[in-house]
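Starting from the structure of chain S, add chain Y where the hints point.
Going down the list, the protein sequences come from chains S and Y. One point on numbering: in my numbering, the residue at position 364 of the first sequence is 364, and numbering is uninterrupted. One point on numbering: in my numbering, the residue at position 190 of the second sequence is 190, and numbering is uninterrupted.
It is possible that some hints are incorrect.
[To be verified] Lysine to any residue pairs mimicking SDA-like chemistry, simulated, CA-CA at most 25 Å apart:
(1) S:222 - S:243
(2) S:146 - Y:169
(3) S:153 - Y:145
(4) S:153 - Y:169
(5) S:153 - Y:204
(6) S:371 - S:15
(7) Y:153 - S:168
(8) Y:146 - S:149
(9) S:153 - Y:206
(10) Y:153 - S:209
(11) S:387 - S:331
(12) Y:153 - S:205
(13) Y:153 - S:221
(14) S:246 - S:323
(15) Y:301 - S:238
(16) S:146 - Y:99
(17) Y:153 - S:182
[Unchecked claim] Label-pair distances were calculated between CB atoms; the ranges are:
(18) Y:98 - S:240: 35 to 43 Å
(19) S:113 - Y:227: 45 to 53 Å
(20) S:240 - Y:47: 51 to 59 Å
(21) S:238 - Y:297: 12 to 20 Å
(22) Y:292 - S:51: 49 to 57 Å
Quick caveat, the hints were computed from the structure, so don't treat them as lab data. Ideal Cβ positions, reconstructed from N, Cα and C, are used throughout, including at glycine.
Protein chains: 2
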Amino acid sequence: MTNETLHHCRQELHHHLTTELLPFWTARTADHVHGGFITHFDEHGHDSGEDEKSLIAQTRSIYTYASAHRAGYGSGELADLARHGVDYLLNRMWDHEHGGFYWMTNRQGEVTNDQKIVYGQSFAIYCLSEYTLATGDQRGVEYAQKVFDLLQKYGADTCYGGYFEMFDRDWTLKGPGAAGGNRKTLDAHMHLMEAFTTLYECTRQPIHRRKLLEVISLLVGKVMHPVYGTGVPQFWADWRVAPQIKFDVIWGWDRFTEDGAKEAAEDNTSYGHNAEFAWLLLHALSILEIPHETYFSQLQKAFSHAADNGVDWEFGGVFVEGSHSGKVYDREKEFWQQAEVLIGFLDAYRIFGEEKYWRAYENVHRFVMDKMVNRPVGEWWPLMTRKGVPIWTHMSHSWKINYHTVRSMVQSIRRLDMLLEKDTVRD
Amino acid sequence: MTNETLHHCRQELHHHLTTELLPFWTARTADHVHGGFITHFDEHGHDSGEDEKSLIAQTRSIYTYASAHRAGYGSGELADLARHGVDYLLNRMWDHEHGGFYWMTNRQGEVTNDQKIVYGQSFAIYCLSEYTLATGDQRGVEYAQKVFDLLQKYGADTCYGGYFEMFDRDWTLKGPGAAGGNRKTLDAHMHLMEAFTTLYECTRQPIHRRKLLEVISLLVGKVMHPVYGTGVPQFWADWRVAPQIKFDVIWGWDRFTEDGAKEAAEDNTSYGHNAEFAWLLLHALSILEIPHETYFSQLQKAFSHAADNGVDWEFGGVFVEGSHSGKVYDREKEFWQQAEVLIGFLDAYRIFGEEKYWRAYENVHRFVMDKMVNRPVGEWWPLMTRKGVPIWTHMSHSWKINYHTVRSMVQSIRRLDMLLEKDTVRD
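Chain S extracted, bound-state conformation (with noise of 0.2 Å):
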């Protein structure tokens, strides 16, 4: 691959960014009646109407203006709508009585579900933590350390480790089944190893580092697959695993069959998990300033799976789910695998050097750019088929906002200018 290439993905990434993505965005999401953000679009990009506006659009939003900014896009205008999303969830959201970030509001800022979601609380630990290492206002951090603290007195699992994840407002432990009471997930830990790393970004606290290091033991040593080191979706309390079912409350629109389970519910992962885990955690590690060489292995298995297995030669793209030894289930294209993949095969490529992952993220790369962007508006469709015709076709709802798109953005052109430079070195 010639620096030719290199720069011509990095340009045409860089134009989606500036030209239509973030322009899609700061167009319409500030809601300058009730404060916030309004975060749900149809395929046109018009306002679709749902009166809710959900902790993890809410806190995603904060992230992805923030991260932004800091990343030097934009001329400050990012700063004040992260700020904007910073003063509605202080405001609105934040739970004065017993701590923690309520789950949903409608429009106008009325608590409409209560409920304590250790998922929603790792992104408010995020896009907090974000916000002040972009803005400097000095209130981002101060409530992610209050979450942090929450998390450690009424999330973690004194007797088996790790974090309980689904609470009611006084952070009781919601009971067992579709409750969520009873399980672990992949995602929440992988989650709070994200939120965990830009809040030790953040404060450079010793505490905040163990509890990094902690969650990274986790992951590495019971959430991965101990042979083929890809994501096992959900645990029971003591980390056997347990078949995969739906939530109550749920934070994605996973397809499940009628009875709320998957159709390979003990032997199923997504490939866009396991390259993003990857990514997450190769950078939770610079963060740390540990060599990426300690988790050489869990990193080579986790991008080979995706790389292997998970991408589509024939019509491009990377597939949602299959078996942890590889067989694909589900061919479909949905857009965060797309996302999370772009970054991880650059990190990928970057680290071992290998040119299988080059020509897997060039393959994922064109099918973005030539098929999951809905042009006309400038976001993603959410779900196409495996040949790229959108089944879904909203811009954004609650579980779908910016924090992917713009994100793979953002650090896929700075993993392109790492090889750029890298290139130059050489040159």
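Just chain Y now, with coordinates in the frame of chain S:
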């Protein structure tokens, strides 16, 4: 065993407690110059002058006076003594900058060891909760909860479960080896169960209940021997059994070989600890309102290991330590094991109704009353030969105070009363 025997035993303990043991302490322990308690006395009950006030001795003293007051002893002076101790603890031993209690001051109240040791923090929770239960003074439970919260944030190991135990002043985890930062112990976790039980009794907060349940699961599932149900003293962070070593910061006068190891470092269990664990578990279940049948097998194993292997039928009393399978290693007689098995054997007899437990109780009861009490002064000898000749002769120092002896009398009398009531009901 007859009602008359029960009455006689009760009478003997009550006489010892009220005319010897408690008077020993109320006559000499309050430091009216510098506050807190003087806790170093020789065999004659004279102040032996060591210039230290340890967190363990101060908190255990508070527990002793508060619990004896709550059990109906004295006419208010024990509550006053407890308050006198709490004043010192909060004014001199609390770290206003980092939270938690310091490990050691001198008699004047100057900090001489500022480390945060979980073993000591657990006794702070225990005594401060007991103090509020006994007196209604809310300062106790307020600080107990502060320590509980600190343990959740800094103590808990969110990778493998349980608590790390050895921290620097700012709650940074200490290093490996004799510093102890990479080990976990039966001792600390058993005392956390004890502390969380009384904290929950005091607050009835769901989070205190949950953390108590978690530490019980941990003790039963990981700390006690999988076959024999006996206590394993030390573990690595991931709960693999670690050879038992002496730590830099000690909280007792365990005997080690010169290189700081136990002679049977990997197959060693304490009869006294096992009986103490089992009665503390029974008590926790009672506070939690969980039927003791839930842990029937665990309780039976721990009690019967002590009764079947630990009792010296020739010279009386209970031995120090032995193998998990039963064989005795150390035939000397230490004060605290006698104290704990008295309560434990009465509980075992009460629950299981087997005569062997009554015979074991009666054996140790006689050894204590006839040999272990230093009659001229009223406290117990710390360590005796197998036959009952004193080896160590101090009545008190930083690691031997009144917690085991007074609690043993208060709790044994309570259990003898229960047996008498049961008998009355039967008649």
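Against the structure, the hints come out as follows:
no.	hint	verdict
1	S:222 - S:243	holds, 16 Å
2	S:146 - Y:169	holds, 22 Å
3	S:153 - Y:145	holds, 11 Å
4	S:153 - Y:169	holds, 20 Å
5	S:153 - Y:204	holds, 16 Å
6	S:371 - S:15	holds, 16 Å
7	Y:153 - S:168	holds, 20 Å
8	Y:146 - S:149	holds, 13 Å
9	S:153 - Y:206	holds, 12 Å
10	Y:153 - S:209	holds, 13 Å
11	S:387 - S:331	holds, 9 Å
12	Y:153 - S:205	holds, 13 Å
13	Y:153 - S:221	holds, 22 Å
14	S:246 - S:323	holds, 19 Å
15	Y:301 - S:238	holds, 24 Å
16	S:146 - Y:99	holds, 16 Å
17	Y:153 - S:182	holds, 22 Å
18	Y:98 - S:240: 35 to 43 Å	holds, 38 Å
19	S:113 - Y:227: 45 to 53 Å	holds, 48 Å
20	S:240 - Y:47: 51 to 59 Å	holds, 57 Å
21	S:238 - Y:297: 12 to 20 Å	holds, 19 Å
22	Y:292 - S:51: 49 to 57 Å	holds, 52 Å
Violation of the numbered hints given earlier is absent; every hint is satisfied by the structure.
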